[in-house]
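Work out the full structure, taking the sequences as your base and the hints as a guide.
Single-letter residue listing:
There are 4 protein chains.
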Amino acid sequence: MVVVLGPNRYGKAETRVVQVTRHGDAHRVKDLNVSATLSGDMTEVHLSGDNSAVLPTDTQKNTVYAFAKKHGIGAIEDFALLLARHFVGTQSAVRHARVAIEEYTWERNGSNGHSFARAGRETRTCVAHVDGSGERVVSGLRGLVVMNTTNSEFWGFAKDKYTTLTETRDRILATEVAASWRHADFPTYWDKSHETARWALLAAFADTYSLSLQQTLYAMGSRVLAECPEICEVRLSLPNKHHFEVDLSHFGLDNDGEIFLAADRPYGLIEGTVLREDAPAAGPAWE
Amino acid sequence: MVVVLGPNRYGKAETRVVQVTRHGDAHRVKDLNVSATLSGDMTEVHLSGDNSAVLPTDTQKNTVYAFAKKHGIGAIEDFALLLARHFVGTQSAVRHARVAIEEYTWERNGSNGHSFARAGRETRTCVAHVDGSGERVVSGLRGLVVMNTTNSEFWGFAKDKYTTLTETRDRILATEVAASWRHADFPTYWDKSHETARWALLAAFADTYSLSLQQTLYAMGSRVLAECPEICEVRLSLPNKHHFEVDLSHFGLDNDGEIFLAADRPYGLIEGTVLREDAPAAGPAWE
Amino acid sequence: MVVVLGPNRYGKAETRVVQVTRHGDAHRVKDLNVSATLSGDMTEVHLSGDNSAVLPTDTQKNTVYAFAKKHGIGAIEDFALLLARHFVGTQSAVRHARVAIEEYTWERNGSNGHSFARAGRETRTCVAHVDGSGERVVSGLRGLVVMNTTNSEFWGFAKDKYTTLTETRDRILATEVAASWRHADFPTYWDKSHETARWALLAAFADTYSLSLQQTLYAMGSRVLAECPEICEVRLSLPNKHHFEVDLSHFGLDNDGEIFLAADRPYGLIEGTVLREDAPAAGPAWE
Amino acid sequence: MVVVLGPNRYGKAETRVVQVTRHGDAHRVKDLNVSATLSGDMTEVHLSGDNSAVLPTDTQKNTVYAFAKKHGIGAIEDFALLLARHFVGTQSAVRHARVAIEEYTWERNGSNGHSFARAGRETRTCVAHVDGSGERVVSGLRGLVVMNTTNSEFWGFAKDKYTTLTETRDRILATEVAASWRHADFPTYWDKSHETARWALLAAFADTYSLSLQQTLYAMGSRVLAECPEICEVRLSLPNKHHFEVDLSHFGLDNDGEIFLAADRPYGLIEGTVLREDAPAAGPAWE
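Chains as they are written, first to last, in this note's numbering: chain A, 5 to 291; chain B, 5 to 291; chain C, 5 to 291; chain D, 5 to 291.
A few of these clues could be false.
Pairs involving identical chains hold if they fit within one copy or between any two copies, as the list cannot separate such chains.
Below are the DSS-like pairs computed for lysine-lysine, each with C-alpha atoms no more than 25 Å apart in a straight line [as the list claims (entries may be wrong)]:
{"id": "1", "residue 1": "Lys245", "residue 2": "Lys73"}
{"id": "2", "residue 1": "Lys74", "residue 2": "Lys165"}
{"id": "3", "residue 1": "Lys196", "residue 2": "Lys73"}
{"id": "4", "residue 1": "Lys163", "residue 2": "Lys73"}
{"id": "5", "residue 1": "Lys74", "residue 2": "Lys34"}
{"id": "6", "residue 1": "Lys196", "residue 2": "Lys34"}
{"id": "7", "residue 1": "Lys245", "residue 2": "Lys163"}
Since the hints were derived computationally from the structure, they do not count as laboratory data.
Structure (structure tokens):
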């Protein structure tokens, strides 16, 4: 038996960096969670423990903090690219860098310029890849919980001997959106592009009269592509957060779409990709 | 040795109920997590397993759903009182009912009346107690994360041989507010009272030039009491979410309150009570 | 309106300390999570931000590490008492110290003396209080998940118009034990006492033919008191982790106590205290 | 712009099924979390909401429970294959089924045959794929936390201007193993194969004198392949759970590998694949 090393990577995960910028009394906060991953000529470290090609993960952490100071933090996509280029560009053994960033948003609290409150449950995300074949960026969000209280049906589905579900012409449709989108071209303003894509997801969810969560998923992905020419592919993972109408007939009460049990598990899980027919090859973008 | 039964209680925890109210095209969503706890003449069930005094927790769950339909869900405090009164009033063995409710808020998504997005990371809370001695309500919130990027100092503290902390005249002050407040009188509008108390907490956090998190805590509690005459006592639990200024001198960079490491553990934890001198006895309100 | 400061405390929560002791090749690991809480003459810090009475929480953290080195870590109760006595004994403003410790256990991995694997999902706990009135220790555990697949019934319960639950003469009884016990006298060996109490909980759960979870709770608490003369009071919090027999009749299958759905929420929650009639006053032990 | 549907799948996630088998007084418990995912001719449901190809996720849940009864639950790999074959074999629109199962283990509590306690923090896992190209099974585990208190060094690594880490000849090496392994051939006994692979992981971790976590990773993967001829590829994800030696010199104390701070974030993350050179193509096994 001959054993070989396959794909591998290493890095520092979840470096938490907060940058405060002071424009007179008006402060600005950027709050990130940065995970770097490097790969390249790493056979020796696996086989013999020779670390000469290994830039320590501690150094990667330091670099995040130093770069936050030297370059500032603008759009997370720019910061991710900056870091990824640095690792590939300065370490000869590093052939590929992947930098993933989560951003937590804050909004102003009160009228002074330095008090903030965490906004929302949602996290903005990005993953940048840099290697000899080029640069790729996937942006996204997760934790966006949405619900339509009507305009959702589910009927006409396949049935077998284990099917007991009844058809419905009116149900709650709720999900927690995890969405990622790949860029064919880098936008001039990442923040503006993100804002537009996010708005498209929300609008499509609200506007779609849904016969299935799959249909809603496709509508959401298509809307992002329609609104954002720089985006070529959208991936969505949508748990179907079931809201079951409670049977109140035992208590002499009807329940016409009014009282629901919000269930935890199990849940439906709908995953899908919507892309332009002419989308360029993804390469390592989704890894 | 004689062994006896001490304080005890039982109930159904975390019944998840969602009510949709339809005013034409404009829907309204109430999304609650209800935990009921009963106590009373429960010695026999503990000693011999005689369940004749035990209203099943399954029945408590059913009651939550039935009451949501029969009475609707307005302010969570009213709904909690309604349930607690019911259990004490209809089950002779039940002497005391405690009903705790968490509410998750949704905001409209888009321009139609039936699409919603979960708002914020914050949870509104209440606990109602009903027994022979009367009715008590504690309201509150948790998960409200706030940060001041300046106007916080920490110096002049006690030092011993294990003290290495340096004094600071400018630091980030960040916390995740968990606050509960007890009512001397029930307000006419629970929602209005909650809104005012919440605003007072946020305003006091923003406005206080802080020499310690304890000082901020006291300012926050006092402000609630000043703004809300119906509230007689405020309890706050404030983790000090440390943001450490990163030492960048190794890299030839200064760091004048710009780049911070957001730490997880350990964290400071400041807990305190602010109350009116003439606050009535709390009884079981905080249990 | 006169506003006053009520009960308050502060400290450093969740200091994670690991001690490795080397007896030749045979190492020993102690893995703790320590939370210290101090209170005393703390009015000024709340009112004016004068920190002269405040020993920084950072110092408390340092003390944990320094004491781990100076004194070593034996039973967590001893380490908690050591720390609590130190804070009360050396800081004049500190009248009361509470030290809570969680311990995570490791077992040996393989035959060498230095490789370990985390054992179990269970956490050992203790809380020590030291103040002018004396010393109190509560020990306990949490995360102990147990299940009886038979010898559990539930019938003869109170019924009202919202009751739909059917009686059962055979069900699964499962819970996640959170138990704490108060000591009237400090045992010579904390570890031995903990082991005996833990064994008593498990044995009582296994041996009790249960007509209700309350009955099982009382049996568990009583057994601890019977086995451990140094313990005077036991508090238990037992979620009823429902396992519902799945109705398979739609598929032409019977289900005689074989296939169950393990539910998440809602769940029953049974809480109770079992104590010796002559237990001394608890003082702040449970705070 | 032409928009198309890319890869997609849907299913019911996290169906919790517990099977109790009664051999006289000696009961046996199987406790699973089953997630099914189907894909195939699903274009119409995405484009128009036509559900005629969609077997409801509710039916998938029912099938899990019915199959648990009809076929019993043996090794999770067998149960996953059984379900996956069923969905592909009975639904013409379903071309591919993926069934992932987590298993939680219980051990006997006491001497009777019906009382159990949850064992360990570790979860056994598998993923089975069935489609026209054949059947593939990946087995694994996660949540296995291990630590070596010596025999770990880290030095000779690459350095740049952001490197501050000092070299060490003796450190704690701790990780939480997430491992998955692909089978070239299905073993006669899945349980025996899992046990051997798990043992190999633990033994390699304990026995390897480590110069880097990458070296340990490779040793762990290689050992599995050496011990299990039916396994052709191993993937490991190993967070480096840092234990930092605490600097106690401020307090006049040395610290020679005795007192450590167990850190949360950031953490190193080492991921890698070890495989036989002649491993067959993976196909969809890892998806």
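Numbers of the earlier hints that this structure fails to satisfy, in rising order: none
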